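Asker: Next come the chains, spelled out residue by residue.
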Amino acid sequence: MLKRTKKDENNTPFSAGDTVEEKPAPPPPRPTVTQGIATSDKKTTIGEGITIEGSIRGEEDLVIEGAMKGNIEMGKHNFSIGPKGRIDGDIHAQDVSINGQFKGTVEASGKVAVSKEADFNGEIKAKSFSVEDGAYFKGVVELDREPHQKSVTPNTLKVPSPPETTKLQVTPPSIANMEK
Amino acid sequence: MFSSTTRNGNNSDLESFPVGYTSTILKEFVETLEGLKDAQTLDMGPVCQENLSFFAQRMGRHYVCDMFLRLKGGKRNEPHPADGWRHLDYPDRNFDGIQLWDLCDHLEEEDVRRLAKLCLAMLRATGLLMLIAFENKPTSSIINTFVIGQDCRLDIRPQPHLELPWKFRHNRALTSLLSDFTIVRSFRYHSGIREFLFKKPGSFRD
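One line per chain: the protein sequences are A and B, in this order.
So for the first sequence, numbering that gives the first Met the number 0 puts the first residue at 0; every next one is plus one.
So for the second sequence, numbering that gives the first Met the number 0 puts the first residue at 0; every next one is plus one.
Pulled out of the complex, with its shape left as it was, chain A reads as follows (with noise of 0.2 Å):
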C-alpha cells in the first residue's frame, strides 16, 4: 500500500501509478540533558510496553518507560526512569533522574534528582539531590558527606517547671524589627 511520509502533507496530488518514496526518518533528535544528568550518546531506552521482573546490569546509560522489578546496577553510568517508568527495586548508577514511579533504594555515586512528575517511595543515598516542589515524595535522604557530628550531648534542652502557661512570648524587638 501506499504511503505518504509527513513531506508529503504539502497535498500533492498523486495518481494510484504514483510512487512515493519512503524518505529516511530524520534522525532523532540529540538526547537533551534532564534534571542536570547529561545522557551520553550510548543510551538504551526501554519502552512503555517492555515489563521486566529480574536484574540490569549496564555498561551504558539506561532509560526505563516501561515496568521493573528487580535491581538495576549501572556502576559509572547514568540511570532514568522515564515520566511512565515503573521501577521496584534498588538501584545502582552514577547520576539517577527519576520522572516516575519508584519504590526502593537508589545510590547514586553522583547526583539524584526527583522531578515533580515522580512518585518516589524509598531511600536515597547519594553526594547531591534535588527534589522538585510537587513531587510525591516519602522517602528518606542520606547525604555521602564527611561526620560533623558534635559532641553528643543528648537533653540539651531545658524544659520550663512547671509548663506553666501557654501564653506566648513577644518576640523581643531585635528580631521583630528584622521583618519590617
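Hints are computed from structural coordinates only; laboratory data are not their basis.
Every value quoted in this text rests on a predicted model; they were computed, and no experiment measured them.
Hints may contain errors.
[As the list claims (entries may be wrong)] In silico lysine to any residue, SDA-like type, Cα no more than 20 Å apart, as pairs:
| hint | chain 1 | residue 1 | chain 2 | residue 2 |
| --- | --- | --- | --- | --- |
| 1 | A | K126 | B | R57 |
| 2 | A | K124 | B | R57 |
| 3 | A | K102 | B | H86 |
| 4 | B | K26 | B | Q48 |
| 5 | A | K83 | A | G48 |
| 6 | B | K71 | A | E131 |
Chain B: place on chain A using the hints.
Answerer: Using the frame of chain A, we list chain B on its own:
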C-alpha cells in the same frame, strides 16, 4: 519587605503574605538535634529542596513524608484523603525530631489529636516536635512552603498544587490538643506567626 522566594515568581497574588523572619524555634530545634548522635528527623511539610538539603546535611538520616499532599488526596486523587494517615507507618520511637510546619492549621480537631498520638509514638523520649500556626487567615487557601534559608530564616513559597482549608486556633486550644507533650518554648512574631516547640516527656533519649 516581606516576600516569598522567587522560584514561583508568577504567583504574584500569593507573594504578599507577611512572612520572612529568622526562626528562633527552628534554630533551637536544629541545634538540639545536631548535638545528638545519628539523629533522625521527619519533615511532614510540602516537599522543598532547600529544607531537604538543610536537614539532610545536619542529621544522620532525614525522612520526608509530605502530609499536606497526602491529606489532600495526593496525586492519585485518592477517594478518601483521610487514608493519608496510613503513610505515617514509621516504627515507634524512630525520630528525634518531627517538623510539622503549619500542618495543624489545616486539620480538624479530631485529626490534630490523631496526628499528636502518631507523633508521640514515633518520637523517642525527649524528642522534639516543632509547629507553626498562623494568627491571621492567609489570603489564599493555597498552601505555602516555609523555605529555610541562611541562619534559619524562613520565607514562603506558594505550592499551587496544594489547597487546603485553614482553621484558626487559640494558643490554649492548640496546646491542649498536644497536651501529651511538654511545651518547651513558644514565640509570637509581629507578622502573626506563632511557633511552638514541644518535647516528648522522658528523662533520657531511648
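Asker: Would you check the hint for K83 (chain A) and G48 (chain A), treating anything up to 20 Å between C-alpha atoms as holding?
Answerer: Holds. K83 (chain A) to G48 (chain A) sits at ~10 Å (cutoff 20 Å).
Asker: Quick one, are K126 (chain A) and R57 (chain B) close enough, alpha carbons at most 20 Å?
Answerer: 14 Å, holds
Asker: Does the alpha-carbon distance linking K102 (chain A) and H86 (chain B) stay inside the 20 Å limit?
Answerer: Judged against 20 Å, a Cα distance of about 14 Å means the pair holds.
Asker: Starting from K124 (chain A), check that the Cα of R57 (chain B) is at most 20 Å away, please.
Answerer: 15 Å, holds
Asker: Given the hint that K26 (chain B) pairs with Q48 (chain B), test it: the Cα-Cα distance must not exceed 20 Å.
Answerer: 19 Å, holds
Asker: CA of K71 (chain B) to CA of E131 (chain A), is that 20 Å or under?
Answerer: Judged against 20 Å, a Cα distance of about 18 Å means the pair holds.
The earlier numbered hints are all upheld by this structure, with none contradicted.
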